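**Q** Residues per chain, in single letters:
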Amino acid sequence: MIVAIAIIRTRDLFAVTMLLSIYGLLSASFFVTLDAVDVAFTEAAVGAGISGLLMLVAISITGRKEQRAKRKPFIALLVVSLTALLLFYGISDMPYFGVPDAPIHNHVAPRYIQDSMAEVGIPNVVTSVLATYRAFDTFGEVVVIFTAGIGVLALLSASNNHSQAKNIVSDQNAMDKRHLVIRVVTKILFPFILLFALYVQFHGDFGPGGGFQAGVVFAAAVILYAMLFGMGEATKVFSQSLVQFVAAIGVLLYASVGVATLLLGGDFFDYNYLANDPIAGQHIGILVIESGVGCTVAAVMMMIFFSFNDLQEQQNANNNKEPE
Amino acid sequence: MIIAATLAIFAAMALALTRAVLGPSLYDRILAVNMFGTKTVLLIALLGFLMGRPEFLDIAIVYALINFISVIGVLRYSGSNAFKHDNKADETIEKSASRSDKWTP
Amino acid sequence: MDTLMSFFSGLCLLVGALICVSGAVGVNRFDDFYTRMHAASVTDTLGAAFILIGLMFISDQFIVIAKLMIILLLGLIVGPTTSHVLAKAALKNGLKPNIPEQSRDDISKK
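Residue numbers (our numbering), protein chains in the order written: chain A, 1 to 324; chain B, 1001 to 1105; chain C, 2001 to 2110.
Keep in mind that the hints were calculated from the coordinates and are not lab data. Computed from a predicted structure; not experimentally measured. Each residue gets a CB set at the ideal place from its N, CA and C atoms; glycine is no exception. Just so you know, not all the hints are guaranteed correct.
Here are the computed distance ranges between Cβ atoms for each label pair [as the list claims (entries may be wrong)]:
hint, chain 1, residue 1, chain 2, residue 2, range
1, C, 2003, B, 1053, 23 to 29 Å
2, A, 58, C, 2007, 50 to 56 Å
3, B, 1014, C, 2007, 25 to 31 Å
Just need the whole structure built from these sequences, with the hints factored in.
**A** So, in structure tokens, the structure goes:
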């Protein structure tokens, strides 16, 4: 609560970003104490790290101080207070946390928890719910992430000029030779971070992890490299067209699993039909869709970061050229 | 003993938070956030042991990496013009909220 | 053997927690950025190392010890690097250290 109030009162947008990432961390700690491991994983990776980073790039383009609001927004305050009161009234009727006869514990959840091992055969119930029982919802999430990436591309690529980008890159590299320590450390750490991303991806069946978290870790490693060595080096391996292609491939993989199950005679996303043995079919299905999710998440994060970074480098070049 | 260590880490996090809220300059706040992050890594490892679920260590590894990448990102973008440290401009959050400021590009 | 392990673990955890708390107090009480950073980075890394070693003594599976060692290595590599980068950026962007008066004459003479 203290952090939230501090966020609202601060004018300095940079401090706001710092406080937002602290807020994300506190949420992750809450999730850990509530014993929700996968959610804490995703919140720590995304909310505390990547969101702060992306907002920082945005701030470096727009400027650091927030403008004072022109008039006091009373009506908005009234609407928000009314909504909060209604929410409190609604919450007061809910059963207490963890009570055994609450409706949420009685209808769907026991069936998932009890039958998951027999029907799906992987220890991590969260992954089995996400990938099998609710595969269609997860498909929607992947499409939303993909759409967000397309939206950012549509808004920000219009002002991109690739021939200018090469000139900018040479300046950037010359400036970075002073940062020797951090460059060496990054070069050492980079393969291990990528290996860890792959570990999280494939270990999602047995422990916390899965496609979303693995994609974020992968993208974080590439973002680190791109920040320190300049966009030129990073785009040699992960060019814009490759990244867009991989993002689309991820969604396509996911959808094609569903279509394949349709063609083989079952319902949409019914993995039992993918192999002779239903349990093996479930495993294959979960493996393929988690790979699709990982590809899309990593590629979209990289797309968003590269777009912001291109814009910022252009602006830096413009600022540096003006005094001449 | 793990419980005592956990409580001590909580206290350290609260202290780091006060420095993040107060710290007059930008770099104090970055330092406080970095410290908060490393304490969180320790906290997650300790809580994992307390609750008997060692899978939390994966989260601790991820968070240590993300903390590092965030601080490097912050410092990378602090080279740009928007972040030049202005010795006159150090102020706490309350002061900056109450003074009327013109937007400096 | 078990009690010896938990005794060592308790000792390491206690020392580590004390170091971390003293570092946090130092960050709050020092009056210059560079001294605060010294407090933060040294105590952070050392305290984390002690706490993780303390946890290693009481874990029973090898995979847990291996993961703790990975966290420890990562912390040892990442901690000093971060403080180096922070100090360099602060100095480059103009934050001046607060040198007290009596030592200022020696520095300006050189």
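**Q** So which hints don't hold here, by number, going up?
**A** none
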